[in-house]
Structures are given as C-alpha cells and as structure tokens.
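Chain D: place on chain B using the hints.
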Amino acid sequence: MYCYNCGAKLTKSDKCPNCGAGVGKYKKISYASNCLYNEGLSKAGVRDLSGAAECLRASIRLNKYNIDARNLYGLVCYETGEVVEALSQWVISSNLQPKNNAASRYIKEVQSSQNRLQALEQSIKKYNRALEYCRQGSLDLAVIQLRKVLQLNPKYLRARQLLSLLYINSGDYRNAGKELKRCKKIDLNNTTTLRYIAEVEEQTLPENLEKSGKTEELTDDTNVIKYRDGNETIIQPAGAVNPPVSQTTSNLPSTLLNIGIGLLVGAAIVGFFVLPAQVQKVRTDSENQLKIVGEQSDAKTATISEQTQQIDDLTSQNEELQSQVDTYKASAESLTDDDSLFRAVNAYLTDSTDIGAIADEFSKINYSDVEKSASTEYKNLYTTLLGILQSRLVEYYYNTGYTAYEGADYITSIQDLTLALGYADKDNDSNYAAIEYYLADSYYLQYRDADASAKSQYSDNLSTAQRYFNAVRNDFGDSYLARDAATKLQEISLIKSQTSSDESTGSNADGTAGTADLQD
Amino acid sequence: MINFEEELKNFHPSIEIGQSEDAIYQKDFTDFTDVILNLMKQEGRDGQKNNSR
Chain B
16 MYCYNCGAKL TKSDKCPNCG AGVGKYKKIS YASNCLYNEG LSKAGVRDLS GAAECLRASI
76 RLNKYNIDAR NLYGLVCYET GEVVEALSQW VISSNLQPKN NAASRYIKEV QSSQNRLQAL
136 EQSIKKYNRA LEYCRQGSLD LAVIQLRKVL QLNPKYLRAR QLLSLLYINS GDYRNAGKEL
196 KRCKKIDLNN TTTLRYIAEV EEQTLPENLE KSGKTEELTD DTNVIKYRDG NETIIQPAGA
256 VNPPVSQTTS NLPSTLLNIG IGLLVGAAIV GFFVLPAQVQ KVRTDSENQL KIVGEQSDAK
316 TATISEQTQQ IDDLTSQNEE LQSQVDTYKA SAESLTDDDS LFRAVNAYLT DSTDIGAIAD
376 EFSKINYSDV EKSASTEYKN LYTTLLGILQ SRLVEYYYNT GYTAYEGADY ITSIQDLTLA
436 LGYADKDNDS NYAAIEYYLA DSYYLQYRDA DASAKSQYSD NLSTAQRYFN AVRNDFGDSY
496 LARDAATKLQ EISLIKSQTS SDESTGSNAD GTAGTADLQD
Chain D
581 MINFEEELKN FHPSIEIGQS EDAIYQKDFT DFTDVILNLM KQEGRDGQKN NSR
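From first to last, the protein sequence lines stand for chains B and D. No gaps in the numbering here: position 330 of the first sequence is 345 in our numbering, and each next residue is one more. No gaps in the numbering here: position 19 of the second sequence is 599 in our numbering, and each next residue is one more.
Okay, chain B solo, but in the shape it has when bound (with noise of 0.2 Å):
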C-alpha cells in the first residue's frame, strides 16, 4: 500500500513514514475495497456474476485504484454480454496503471479480431432496435430482432432476458424457459432471471398444485415445466424439447466402447473398400503416366536421331561448301594474277615498244604459285606473252641490272638480274653467263663492301654468291667469266675461312681452289 500524498510505502503505522499524513482512515477504505473483492472474486468462481459485479462496483467506488478489482469487474461485464462497459473499466484501468495491467491485454485481444468487433457493435445496435419495437408494440419483430442479437453474441444477458420476457408476455412459455435456462447457466443468481423463472413455473403449474400448495416443491432444481395444452396437461423438462444432455444418465465406459467400435468399423470400411480402390486408381494414374513418358521419350529419341542426321548432313554439305570456298579464293588469287596479266597484255597492246612498262606488270605475275589452278586460257595467254617478250625482257632487266651494278647498287642489281636469269634460257641466251656471273658478284660484293655492323645482314650472300659463280665456272668453263668466277671463289673461301678463324681459335682455313666447301 502507498500514501495517497506522496507515493510513499506505507508502514503498519497510521501515519506515512515519508510524508507525516495521517493514513489510518485511509487504510481502512483500502482494506474494505480488498475485501469486497475477494468476495467478487469467489462469485465470480461460482457463475454469480450479477453478485460479483455488485461487490466489484462497490470495491471500487471504495477505491478506484484497486486495478484488480476493476479488471474482474470488466470481466465480468464481458462475459454477460456488456462490452462497452468492459472496455470502459479497461481503458481506465490502463489509464490508471499504465504498466504490468492485465487491462492492456484485454484490450488488444478484444480489438485485435475486427469480425468480433463488428458483431458486437451489431449485436448493440440490434438490441437497441429491438428495445424500441417492443416499446412501440411490434414484439414480433422485436423478437426476430433480439434472435440476431443472441446469434452475434450468444452471452448478452439482457438481450436473452428481454426476449424471455416476450416469449413469456406471447406465452411461449416452452421458449421462454429454454432461454431462462441459457440465462443461468450465464449468471446463476441474476435476479432478473430468477424472478423470470417463478413466473414460468407459476404459469405452467396446474391450478390444483397452486392451490395445494406443491407448488414449492418444484424449485429450480426439478426443472420441469408443466402446462395446460388445450385439455391436456404436458409435464417435460424445461427447455426440453430436446432432453439436455446434463439430464442423461452418465455413462461414460459404455460410451468409449462405442466409441472405439465405431472406430475399428469405419477403418475396416476404409481399409477393405476405399483403400483398394484408392490404391488401384493411383496405380492405374502412374501407369498411364509411365506411358506418356514412354511415349514422350520414344518421340525425343526419334526426335534426336533425326537432328544427329541432318547434323551429319550439315556438316558433309559444310565442307564441300568450304572446298568450293578454297577453290574460289584460290582462284580468287588467280584473279589478282589474272588482273596483272591482264595489266601486261594491255600495256603490250598500248604500246609494244615500252617495254619497261610491261616488263613492270609482267614481273607482278606470281606464275608458279596459280600455274596449279589456272584456267587453260590463262596458261595459253602466259606462255604466249611470255614467248612474245622473253628476249626483251631478258635484255632489259640484264641492261638495268648491270647499270645497276655498275653504279654500286646492288639491290636493284640483285633484283633485275634476278628476274633477269629467271626469264632467261642458259642453251639459247648469250647473256645467260654474264647475267649470272654478275649476279654472284652483286652478292659478293654487297657483303665485302657491307660495314663491319651491316654484314651480319648479308651473312648468306657468300653462299649463294659462291653458288652462282660455282655453275658459271661448271657451265661456261673456257670463258674469262669462268676464270675470274674462279678467282672470286679463291676469294670467298678466304673470307669465310678467315671469318671462322674469329669465331673459334686453332681452326686453319683452307682457302685453295677446287676443294670441297665449293659447293652449291
């Protein structure tokens, strides 16, 4: 307990240890708000809801801070139907206890459902609508109107009550004691109800039993009704139309038993007539799907093999396309050629004497390497050009390659002798040994003369010097060319004997004429 001055605890003294004021009076209240919730409480364990609202709503008017004893009372509120009043003590629980309130839960579970919000708003409006058919007189429809209600919230106690009334003012009094009983079993000792329940057996009492007084035997315990039907008196329990299962014997063994036979006899059933069935018509679906699948596969695979061949014919069709291809670029290359010769034959036509203009797109023809794919006629045209300009061409490349020469320039020399000798015929030409003699020595000299840094750039000019001047001295022997190819040979070996002897020591080169390292 806390002073209601200052906040602080309280001790067994009448007097706040904290503050001084006096809290003997104080503590009194408080204890006489407890007790009368504990007496709410143990009503409320009872069903007697009516009593435990009475004692909580007085607990509380003693002290409104007993949290407890507010809570209980929304409780009970709801639990007889009246929400609005259960989420008002709430809500000023929670208000007045912000922390560790059982309010605040109640609060949350109640609104978290919006269907059950909504019927419950429902069900009030209904109520209130019926309320004012029956002040207006149309008790029908108030009844129809208070059987809503009771559907969207089966625990409103007013409502059942009201409706009671009416079945009991038309009456109905079979009805009226079917919801009087609903009424109890919602709040044993509501007044209301009670007092509703005398009427019922007062009025369904025959006039004898009044009048001899048995009325008083038949309490609430017997729950039986009896009425007048015309001239017939019928006694049955209340709200029986249907006996209560409450009113049958027990008899809970015999019930299992049955329970448990009705069991086995529904899975032998299932077991000896759904299973089988079950069972055969999942094989006969994985059957058929087997087949499908089966079918699917067969298809793929003819599907696939069919795809395997027209690869393989893709692929043989691809390769002559290529071979054609090679074929065509080779003879595209043939065109190039084709186009030089072409070139050749039109300076000819334009002018036959200006033979350096076509000795220069002769020299672009690359024979040897189209004379495989040629055409016919384009071998005819060559060899016909060829035979035309042989001699010519023979004479002026010797001319230029031998002025070449002369002035020292051996490349062009190299070059123009080269094509020189290539045209030229070593039975028929009279040229052919000075062409290769001066050739050999275009070699030579362009390595001799070479600075010492340049001559690795020529290092193979003395071989292929030392072969040309070898054939001038094997084919044209009594010549002067012949003689001085010899000499120039003497010389070459010197030099590579010499140029050995640097590289490696102890060597001696063997510079004389006519051995072995003469050779082609």
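Bear in mind the hints are in silico, worked out from the structure with no lab data behind them. Everything numeric in this text was worked out from a predicted model, so none of it was measured. Positions of the beta carbon are idealized from the N, C-alpha and C atoms, including for glycine. Honestly, I wouldn't trust all of these hints.
[To be verified] Looking from chain B toward chain D, a few residues come up when the C-beta cut is under 10 Å (computed):
1. 41
2. 47
3. 136
4. 181
5. 183
[Said to hold, decoys possible] Quick list of simulated restraints, FRET-style, between CB atoms:
6. D:582 - B:34: 56 to 62 Å
7. B:153 - D:623: 57 to 63 Å
8. B:132 - D:581: 17 to 23 Å
9. D:585 - B:267: 46 to 52 Å
10. D:622 - B:17: 22 to 28 Å
11. B:30 - D:609: 25 to 31 Å
12. D:609 - B:34: 21 to 27 Å
13. D:616 - B:163: 45 to 51 Å
14. B:156 - D:582: 17 to 23 Å
15. D:623 - B:151: 53 to 59 Å
16. D:581 - B:151: 22 to 28 Å
17. B:267 - D:609: 50 to 56 Å
Below, chain D without anything else, positioned relative to chain B:
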C-alpha cells in the same frame, strides 16, 4: 404475474462502442477515498481558521 410494461422499463438501451469514449469522460471517478480526503482537508482548513481567530 409479471407486468410486461413495468418490466420493460427496467431495460435500457446499451451504449454503442463508438459512444464509449464520451461515456468514459462523463464518468465520475470520485471514490470514497477522495471524499474522506476532502473531508480531512476541510477539517484541516477549519482548524487553521479557528486558530487564526
């Protein structure tokens, strides 16, 4: 014998959920403790007045 009209007077319309907020604000939250404390305060004030005279 129950009088229907008399009994009907005991049944009052319910407050709807939307009206509950106003209902809470209109409630009187004075409890017995508040009454006693007010009485004690009044007694204290009266005592002081008497002493000052």
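- Okay, which hints does this one fail, numbers in order? Violated hint: only 8; rest satisfied.
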